[in-house]
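Visitor: Chains as they are written, first to last, in full-length UniProt numbering: chain U, 1 to 355; chain Z, 1 to 355.
Rather than coming from a laboratory, the hints here were simulated on the basis of the structure.
Since this is a predicted model, take the numbers as computed values, not measurements.
Don't take each hint at face value.
No copy labels: a pair is met if it fits in one copy or bridges any two.
Stated by the list, open to error - Here are the computed lysine to any residue pairs in the SDA-like style, where the Cα-Cα straight-line distance is at most 25 Å:
| id | residue 1 | residue 2 |
| --- | --- | --- |
| 1 | K99 | E173 |
| 2 | K99 | P263 |
| 3 | K99 | N73 |
| 4 | K99 | A262 |
| 5 | K99 | F168 |
| 6 | K252 | E233 |
| 7 | K252 | I280 |
| 8 | K99 | L77 |
| 9 | K99 | V311 |
| 10 | K252 | D275 |
Residues per chain are reported as follows:
Number of protein chains: 2
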Amino acid sequence: MKAIAVEPGAGTPVIVDRPRPEPSPGDALVRTLRVGVDGTDHEVIAGHHGALPDGDDRLVLGHEAVGIVEDPNGTDLEEGEFVVPTVRRPPNGTNEYFKRGEPDMAPEGEYLERGIVGAHGFMAEYFTSPAEYLVRIPERLAPLGFLVEPISVSEKAIEHAVASRSAFDWEPESALVLGNGSLGLVTLAMLETVLDIDRTYCLGRRDRPHPTIDLIDDLGSTYVDSRETSVPEIPDVHEPVDLVYEATGHAKHAVETVDALAPNGVGAMLGVPCDQSFEIDGGRFHRELVLHNKALVGTVNSHRGHFEAAVDTLSQLPTWFTDEFVTGVYGLEEFETAFETGDEVVKTAVEFESI
Amino acid sequence: MKAIAVEPGAGTPVIVDRPRPEPSPGDALVRTLRVGVDGTDHEVIAGHHGALPDGDDRLVLGHEAVGIVEDPNGTDLEEGEFVVPTVRRPPNGTNEYFKRGEPDMAPEGEYLERGIVGAHGFMAEYFTSPAEYLVRIPERLAPLGFLVEPISVSEKAIEHAVASRSAFDWEPESALVLGNGSLGLVTLAMLETVLDIDRTYCLGRRDRPHPTIDLIDDLGSTYVDSRETSVPEIPDVHEPVDLVYEATGHAKHAVETVDALAPNGVGAMLGVPCDQSFEIDGGRFHRELVLHNKALVGTVNSHRGHFEAAVDTLSQLPTWFTDEFVTGVYGLEEFETAFETGDEVVKTAVEFESI
Chain U
1 MKAIAVEPGA
11 GTPVIVDRPR
21 PEPSPGDALV
31 RTLRVGVDGT
41 DHEVIAGHHG
51 ALPDGDDRLV
61 LGHEAVGIVE
71 DPNGTDLEEG
81 EFVVPTVRRP
91 PNGTNEYFKR
101 GEPDMAPEGE
111 YLERGIVGAH
121 GFMAEYFTSP
131 AEYLVRIPER
141 LAPLGFLVEP
151 ISVSEKAIEH
161 AVASRSAFDW
171 EPESALVLGN
181 GSLGLVTLAM
191 LETVLDIDRT
201 YCLGRRDRPH
211 PTIDLIDDLG
221 STYVDSRETS
231 VPEIPDVHEP
241 VDLVYEATGH
251 AKHAVETVDA
261 LAPNGVGAML
271 GVPCDQSFEI
281 DGGRFHRELV
291 LHNKALVGTV
301 NSHRGHFEAA
311 VDTLSQLPTW
321 FTDEFVTGVY
331 GLEEFETAFE
341 TGDEVVKTAV
351 EFESI
Chain Z
1 MKAIAVEPGA
11 GTPVIVDRPR
21 PEPSPGDALV
31 RTLRVGVDGT
41 DHEVIAGHHG
51 ALPDGDDRLV
61 LGHEAVGIVE
71 DPNGTDLEEG
81 EFVVPTVRRP
91 PNGTNEYFKR
101 GEPDMAPEGE
111 YLERGIVGAH
121 GFMAEYFTSP
131 AEYLVRIPER
141 LAPLGFLVEP
151 ISVSEKAIEH
161 AVASRSAFDW
171 EPESALVLGN
181 GSLGLVTLAM
191 LETVLDIDRT
201 YCLGRRDRPH
211 PTIDLIDDLG
221 STYVDSRETS
231 VPEIPDVHEP
241 VDLVYEATGH
251 AKHAVETVDA
261 LAPNGVGAML
271 GVPCDQSFEI
281 DGGRFHRELV
291 LHNKALVGTV
301 NSHRGHFEAA
311 VDTLSQLPTW
321 FTDEFVTGVY
331 GLEEFETAFE
341 TGDEVVKTAV
351 EFESI
């Protein structure tokens, strides 16, 4: 079968021929429909993040997949059901995090990530997976099923942020998304249309006209150009916000988020910056956290429950949004286009089988 | 009646004569028994924190009080009941935070603090208070009732920290208290004896022998001398910890806490540092938060529910601990001694009426 693989740091993705996988007991065999491309894929391709599977010199890419069950192989799935796979797998047998259904809370070394860390991904005509890691999705949502994984990451982030505010009465009325990449934009859509936050803002550093800024406008959100208004200036220029969702990976944003928050607010951090040293007013940062009961919550990955919530969220996103948001779905014969990052690109996917 | 007041920043506390207060409707009149002294009092005395009541040039000190109801004045309290007053009061009538019983979540300008910000404290022979801000305490605990307020601050901090971890299975086995002042030590006792955390550590910068280090030893905790082991070194020298409780007000500790935490851990911040600029590796700070699902939660003050929980906690603290912890209770004739900060001092109180 055909698969899309990369030698991290030393090339661009290429089509390789690999044997069609045989499902082990407990696994189902899935025929891949579509697989999304995101920033993590580009970091893996560049060799900045991730790890090869033991003994392999290439990694099959892809962690945002949707497929159709080809062979349930005795699991409780049925042939023809549409499914989305979760990403993390236990490295050796299992461990406490996977046993309790919280692989997203496993520390380094206690997980593999398909298509990212030490395990092949889903960009292949077929993949196998333990049935417990396959989440059902209705047929009508299957063409957008590759959005379930990124949405699940935000489901977790928002769940953890809300939990941190659960000891008191907290009803967020305003939210700021840092970053107008695909994760930031789909989260903005969740905040605006599903969670019904009154006022939202989205920070980016792009000039109008730009399709991401059109999306921000169309969602009824306010675009904040970081070259004109820095994160700490947002309370003065706009308003202090109850919730910050950080998806830039810009190291200064973790500290600056505290300045953007309203009293009792929370910042959910999702970016993964490299080392970067700079000076901060640590006294002010510390004092603002304390005197205004603010919180910062770091969050990574997601578990099966978040994928299930994401399927529900996806069903509630307006069609006009997903139509504008997905700027390209490319067949295997033009799969390279899905990895291009031109100015008109928001979200792309590779299609292995037409739906 | 006699009261202990100060001209913030311009003197030491003195005894002043003030009219005995008359309870308004809804207020009870309370005869003061004991009032604790803490770091906030010293900051108020030095003029670094707090504000005078409108139109006054002196502030009556004291926010850690216990008293006995002298005149219930038609409230549901009874004469002779022992009570501890909460600290925050609404500045003008009331507001949403006080209405829902969460004055601790009110932002600046939406509260006064008795003995600290814009309202006279409890270091007087009598005080009045709305009955809703008076928390009953059993007679046998009344001699230590001045510990209820500081314990309530930690009840809130721990409640908020635990809430931030409530979206997953979290059972903290290790905790680190930053600071061996009185708030740090009483919290260490809570963590060791009431919350039953397996392994605790307490950071200070004092030489042995010292009464606070004796207390740490006697609690079965491990003393960490910050001059030998910095906060980021604690995981290597001891272990990464599930919970950090910061009570130093040292600005670097908010950032360094993230290095001391185990994956999925949380740091509760309580100190109030002044502005202080320094360089950090912000990339590492940000990345550690994200990739290991860590959180920082700032927390200040406490509400009535936390005071009620604190009464329960106080009842569970071992007698040997409170005996060693309270190093002096001084009558009005020697009240100055309660404000001394010698090397043998851990926790002191002023006694207005012997129990």
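Visitor: Give me the numbers of the hints this structure contradicts, sorted from smallest to largest.
Guide: Hint check: nothing fails, all pass.
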